[in-house]
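Student: We have chain R; now place chain U onto it with these hints.
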Amino acid sequence: MGLFPKMSGTLPEASFAAIRAAYSRHVSRKVLFLIVLLCLTVAVMVASTAMGVAGISVGDVGRVILSHLGVGILPENDLAETVVWQIRLPRILLATITGMSLAGAGAVMQGVLRNPLVSPYTMGLSSGAAFGAAVAIVLGTGLVGGNYVDVSRWLIVTNAFFFGSLTTLLAFSLARFKGMAPETLVLGGVAISYLFQAGVSLLKYVSNNEALKELVVWLMGGFWGADWQTLALLTPVVLLCMAGLCLCAWDLNVLGAGEEVAASLGIKVVRLRVYTLTLATLAASATVAFTGIIGFVCLVGPHICRMLVGNDHRFLIPCSCLMGAVLLLLADTLARTIIAPTEIPVGIITALMGSPFFVYLLIKKKRQWWG
Amino acid sequence: MGRGKKQLDWSCACEGNGRCLGAAFWSPRSRSLAYAAVRKLKVTAKGPGIEESVTVASVQAPAGRVCRGGTVRIGAQEQAAGALTIQENLVGALRARDAAGNRAALKLAPPAGVRLAREPTAAVTAGDLELGAPGIRLEEDDRTLLRCYYHARRERKVRLQVKDLHFSYGSVPALEGVTFKVNAGEMLGIVGPNGSGKSTLLRCLARILKPRTGTVYLDGRNLRTLRGLEVGRCLGYVPPPGARAAFSATVLETVLQGRRPYLIWGVERRDLEVVTQALGYLGLTELAERLLGELSSGQQQKVFIARALAQEPEVLLLDEPTATLDIRYQLEVMALIRRLATEKGRVVVAVLHDLNLAGRFADRLLLLHQGKIFAAGTAKVVLTPENLRAVYGVEAVVTEGPWGVQVTAVAPAAGLRAVEGAAVCAAGRG
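If you read the sequences in order, they're chains R and U.
According to my numbering, the first sequence is numbered sequentially starting from 528.
According to my numbering, the second sequence is numbered sequentially starting from 1017.
What the hints contain is simulated information worked out from the structure, not anything from laboratory work.
Backbone N, C-alpha and C define an ideal beta-carbon position, used for all residues, glycine too.
Careful, some of the hints might be misleading.
Stated by the list, open to error - Chain R stretches covered by chain U per the calculated footprint, using a threshold of three residues with CB under 8 Å from any CB of chain U:
| no. | segment |
| --- | --- |
| 1 | 791-797 |
| 2 | 831-843 |
Claimed, not checked - Residues of chain U placed beyond 10 Å of chain R at every Cβ, according to the derived structure:
| no. | residue |
| --- | --- |
| 3 | R1175 |
| 4 | Q1177 |
| 5 | K1179 |
| 6 | G1186 |
| 7 | S1187 |
| 8 | T1270 |
| 9 | S1313 |
| 10 | H1369 |
| 11 | R1376 |
| 12 | P1401 |
| 13 | R1405 |
| 14 | G1409 |
| 15 | G1420 |
Extracted from the complex, chain R is given alone in its bound form (with noise of 0.2 Å):
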């Protein structure tokens, strides 16, 4: 009871209860929240896998799995384990750390550049990774060297993340000249952005067919190229990310309240931005370089958590993530599903499934989430 004692007397008990209610409503409702949608990921998992064209039942999934483990034997069916083990889950992991990475990095974006429209994508960094892969399919050279007859994956891989990242880079040496504003920062992404979608333009124009289809496909991104050795790669360097983001959550909350604020309470604005920028844009564009370009899911999953759980980053964060592979998971088995044995590319069901969802909850819900 340290504050002013001497200015009003005692704390009233009874406003110190009813802060400390609302402060514990206001915590174990985005708990519970958190809990419910960690349920839904692992349900959602757990039942796209058991989804598909080649009928495996579920007791077959779960017995791949399970042995898998180290746990029971492998069943008879030889296709149910190279389907489920080798196919399926790859790619509903995949998934989900892509939906992980890609909201999450769109959710601290929007947070530390106070900036509603922002995301890995309009940041230029799926235009960066577009061109890289481009120039990567197209003229068969990247960072890696060499001169390929046959487009090697890793080339893409390697190509798209380093000019993914690139993006981000630039766009900071330009906002340096002006202390790391936001509005320079996003400017520029978008600059660069228009600047890298006119080399992929170029790059499409002067492609044989082959290559422009090839380019088409990868455009529109998917999860076709999963495997266990891309997820042991993809996984530890997104969950990293994501948890040093986490570590940031207070210090985001107060840039909300403006850069004067947070400078005043001591935190270093510029570093801030530099330290959550730079691991989003890792993250973001470490899992863009396996799956193509897939938007949507980086805006909108953040802004429909913020109208579930509010804009305090300690929960926005973990919610946004999951909410972006929740979406991405459902997104992805539709994709595989819903004219199977044919597969539509998954950034196209995001858009159709996801636009109508937020359109709901932006009219639905009538509080003043932004400004």
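Tutor: Below, chain U without anything else, positioned relative to chain R:
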């Protein structure tokens, strides 16, 4: 600091020849013990924070000196004879014994303007002091706890010291050689016309802007040397009205942001207590769960002030705190920060546009003109018709009444004055 402060029972006992009278107080905030007119002091303490320490130490120092936490080692449960239990931040009176061993109780007299709510005893607890409450005045020359408390606070004198501050936006100078001091418990008002560098000065103090040259010292420590979140524990900044957030937070979340310098991840009981207190001061308890975006600009302004209070800062910096408030809250907020300064020995620096509020509540005023200090001192000295004409370019009537210095701008000053200005002027005098 801040975190983990526990309420302690303090006791002080006088040793030595028994004649000594005096008072001591413990400030958990600065972890220092201040006392006055004490030759030798035995301090014993018991409380949740200090069970493990066992030493009882005596301290000896000239009156009024402040001992830093390190020099006083605190003992365990040792209740010295004649000791008094002291509660809260304030502390206690010392009772002395005369040569025959009889206790001589102290009488208490509050500093000027402070009244006691009830008949004082030798020990004064936190609840007793209330401004303006019906109470008793005591004899002027009693040596008392409150007096000592007050003087010991005053003894620290200069807390904020600004030396030769220069700042420029590009090549346009905004501040040129601003130098001033603010004493403990003082509220300094910064006034001046638009563009005179008031907000720039405040931002330099809040470490938002980096001055080209010049230094700001808080308790003798260069503010630039503060590391990280320490800044937020020393300085509380309230932005001018109109600052908008990108994403709405609730009132509670916003005020909790002020606890950032004390938080790691979770919010603890003490944080909520401070937040409750801050919300209570500004009458926001009811609005705790509303979104900031749903509130009026005046209410938002109060939330921002509450956030700064939640920081428990040594220096409170406010940029036009009352500009969007209604007349009742203008008074309440000004009185609140005024009391914060006097009773906690904090420093308040406020940019004020309303000269009447400035003249009424601020201890001293700093009149800025084109980035330089044009005049400094009490409202009576600063707010003169001559100064106002020179700085603002207005003819003004200055009166001094029970509510301090009141300024009424009558018309633009000669040279700027148009024909109708003269008419207004004439009407104003008539």
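Student: Determine for every hint whether it applies to the structure shown.
Tutor: A quick look at each hint next to the structure:
no., hint, verdict
1, 791-797, "holds (count 5)"
2, 831-843, "holds (count 5)"
3, R1175, "17 Å, holds"
4, Q1177, "19 Å, holds"
5, K1179, "20 Å, holds"
6, G1186, "13 Å, holds"
7, S1187, "17 Å, holds"
8, T1270, "7 Å, violated"
9, S1313, "13 Å, holds"
10, H1369, "19 Å, holds"
11, R1376, "19 Å, holds"
12, P1401, "35 Å, holds"
13, R1405, "34 Å, holds"
14, G1409, "30 Å, holds"
15, G1420, "21 Å, holds"
In this structure, the one hint that does not hold is number 8.
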